[in-house]
Amino acid sequence: MCLAVPMEVKSINTELNVADVEIAGVKRQVRLDIIDYPASVGDYVIVHAGFALRRLDREDALETLKLFQEGLNLQFN
Amino acid sequence: MAPKTTPDTLAKFKDPALCRNLLDRIRAELPGPLAFMEVCGTHTVAIFQSGLRSLLPEEIRHLSGPGCPVCVTHEGEVAAFLELARKDNVIIATFGDLMRVPGPKGTSLKQAQAEGCRIEIVYSAFDALALARKHPESRIVFLGVGFETTAPTVAATIKVAKEQGLENFLVFAMHKLVPPALAALLQDPEVNLDALILPGHVSTIIGVEPYRFLAEQHGVPSIITGFEPLDILQALLLIIDQRKTGRPQVVNQYSRAVADDGNPKAREIMAEVFTVSDALWRGLGRIPDSGLALAGEYQRFDALTTLGVEVQDLPPLPGCRCGDVLKGKMQPNNCPLFSKSCTPATPVGPCMVSTEGSCAAYYKYAL
Ligand code: SF4
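Residue numbers (this note's numbering), protein chains in the order written: chain A, 1 to 77; chain B, 78 to 444.
No lab work stands behind these hints, which were simulated from the structure alone. All C-beta atoms in this analysis are idealised placements derived from N, C-alpha and C, irrespective of residue type, glycine included. There's no promise every hint is true.
[Stated by the list, open to error] Selected chain A positions facing chain B (in silico; Cβ < 8 Å):
no. : residue
1   : 12
2   : 16
3   : 33
4   : 49
5   : 51
6   : 53
7   : 54
8   : 56
9   : 57
10  : 60
11  : 61
12  : 64
13  : 66
[As the list claims (entries may be wrong)] Subject to a maximum C-alpha distance of 30 Å in a straight line, what follows is the list of computed DSSO-like cross-link-like pairs (lysine-lysine):
no. : chain 1 : residue 1 : chain 2 : residue 2
14  : A       : 10        : B       : 89
15  : A       : 66        : B       : 89
16  : B       : 89        : A       : 27
17  : A       : 27        : B       : 321
18  : B       : 342       : A       : 27
19  : A       : 10        : B       : 342
20  : A       : 66        : B       : 236
21  : A       : 27        : B       : 187
22  : A       : 10        : A       : 27
Can you make the complete structure from the sequences, with help from the hints?
This is how it looks when you write it as C-alpha cells:
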C-alpha cells in the first residue's frame, strides 16, 4: 500500500481538483489536494494512494544522472 | 525549453553500465564492515528486485527497518478494527494489504468478510467517500494506516467529508510518524547500525529537517534516497564517504522528489486535521508522540469514540518474531516459523502479509 510511483499528467480538471495520470498504459485519476506545486500536462508527479504528492523535478533528475555519468567518464579517461 | 523527464530519463536510473561503475567504486572504497538499515519497505523490495543484495560486497550487511505500515500495525489495533468490522451497520473500507493480517485469535478481515461482515477494498481514502455517499444508512469506517506519506491523503479526505457534510464517514486513525520511531530504535542498546537509508516518499512530505538528530545526536550517517538501483548505490557511496571522513550527516540524494522543506501544504492539511499523539507500534511498543489522532472539530470523524471501541496493548502473537525483524535484530529467515508455519499463503505475522514486509520479501526473493 505504501508504493508511490511517478506518473505522467495527461489532463487536469481544476473544478474537481483531479488529474488524469498514466504510466506504461496504466491510467489513474488522482486528487490534487495536497500537491504543493501546481503540475501541468506533461509533468511527472509522484502518485500515492490516489493523490499526487509532488511534481518530479526534471532538472534535478537530469542533474543526478549527470553526476553518475561523470563518475563513469572519469573512470574511463 | 527545459528537457522533459520522460520514461527515458527515469529508465536511466536503472542503467546497468552506471550501476556497475558505482558497484566497483563501492567495492574499492569500502573501508570495512558496514551494517545499514533501510527504513522503508519499498526500499527493501527494490533492493531485492534489482538484484543489488547479491551484488554488494559481503562486508555490507543489510537490515530492514520498521517502515512497512502494515507490519507496524499493533496487535491491539488489529483487534480493534476486527471489532469495528463486527459492529452492526458498519462497512469497513480498507487498503487491500490489511485484509490478511491475522488478529489475536488468528482471524483476519478476510475471514470476517467470509463470516458476513461488510468490508470493501479501496485504492484511496477518497474512494471511501463514494461508499459513504452510496450507503447513507450505514457507517463507513476507513482504516487509516500509513506514515507521513499516507496521512495527508487521509487528512485531505476528512476535510472534504466535513465540507460535504458526510456524517456517516468515520476514520480509525492508526497513522504513525517515522522520526520518533527511529529515535526509539537508536536508543535501543541491542540495535547496532552504522547507517540509515531514509524513506524517500515519507521525506517528500516531511523534508530533511526532522532527521537531523540522527546524525547530530546519534552520529549515524543517514541518506534520503530514491528507489532505483542507482539511487541506492549512490546512497551507499555517500555513506562510505561519511565513514571515511568521520562526519555523519543527513543527505538528500532524492532531490528530484524531495524538497529540503518537504511539502508544506501537505503538512498544513495534516496539522489541521490531526494532532500528534502517542502510538503503539508492533514490536516497538508505545512510542511517545509517534502517532496522529483526530484534532478539534474533526474528532467527530473518529471511529473509535463514535462506535465505542478501544485499542488495547495486547501481547505479541505466540512465536512470531516480527518485533525483532522490524528492529533489524533478526533476519526473517532466522525466525523459527519462517517458511514453515508462516508463509505468504498462511501468514502468522504482518511482516509476511504485506508485499513490503521483510518476511514476505525474503520469502519471495531470498529463498
Ligand atoms: S516469519 Fe512470520 S512469524 Fe516469523 S517474524 Fe516473520 S511474520 Fe512473524
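Evaluation of the provided hints:
1. Interface hint at residue 12/A: violated, since its Cβ lies 17 Å from the closest Cβ of chain B, which is beyond the 8 Å cut-off.
2. With its C-beta approaching chain B no nearer than about 11 Å, residue 16/A sits outside the 8 Å limit, and its interface hint is violated.
3. With a least beta-carbon distance of about 4 Å to chain B, the hint placing residue 33/A at the interface is held under the 8 Å criterion.
4. The beta carbon of residue 49/A is positioned within 8 Å of a beta carbon in chain B (closest approach about 5 Å), and the interface hint is therefore held.
5. The beta carbon of residue 51/A comes within 4 Å of a beta carbon in chain B, closer than 8 Å, and the hint placing it at the interface holds.
6. Nearest Cβ of chain B to the Cβ of residue 53/A: about 5 Å, under the 8 Å cut. The hint holds.
7. With 8 Å as the threshold, the beta carbon of residue 54/A comes within range of chain B, its nearest partner Cβ sitting at about 5 Å, so the hint holds.
8. Satisfaction of the interface hint for residue 56/A is found here, the shortest Cβ-Cβ separation to chain B being roughly 6 Å, below the 8 Å cut-off.
9. The interface hint given for residue 57/A holds, since its Cβ lies 5 Å from the closest Cβ of chain B, which is under the 8 Å cut-off.
10. For residue 60/A, the interface hint holds, the least distance from its beta-carbon to any beta-carbon of chain B being 4 Å, beneath 8 Å.
11. Taking 8 Å as the C-beta contact cut-off toward chain B, the hint placing residue 61/A at the interface holds, the least distance being around 4 Å.
12. For the restraint placing residue 64/A at the interface with chain B, the shortest Cβ-Cβ distance is roughly 6 Å, inside the 8 Å limit, so the hint holds.
13. Hint status for residue 66/A relative to chain B: violated, with the closest Cβ pair at about 10 Å, above 8 Å.
14. Between the alpha carbons of residue 10/A and residue 89/B the distance comes to roughly 22 Å, so the proposed pair stays at or under 30 Å and holds.
15. Under the criterion of a C-alpha separation no larger than 30 Å, the hint pairing residue 66/A with residue 89/B is consistent with the structure, at around 10 Å.
16. Between the alpha carbons of residue 89/B and residue 27/A the distance comes to roughly 23 Å, so the proposed pair stays at or under 30 Å and holds.
17. As the CA atoms of residue 27/A and residue 321/B are separated by approximately 46 Å, the hinted pair breaks the 30 Å bound.
18. Proposed proximity of residue 342/B and residue 27/A is supported: the alpha carbons are some 26 Å apart, at most 30 Å.
19. Restraint check: the Cα-Cα separation between residue 10/A and residue 342/B comes to about 23 Å, which is no more than 30 Å; the hinted pair holds.
20. Between the alpha carbons of residue 66/A and residue 236/B the distance comes to roughly 42 Å, so the proposed pair goes past 30 Å and is violated.
21. For a cut-off of 30 Å, the pair hint linking residue 27/A to residue 187/B stands: about 28 Å separates their Cα positions.
22. A C-alpha spacing of about 9 Å is found between residue 10/A and residue 27/A, which places the hinted pair at or below 30 Å, so the restraint holds.
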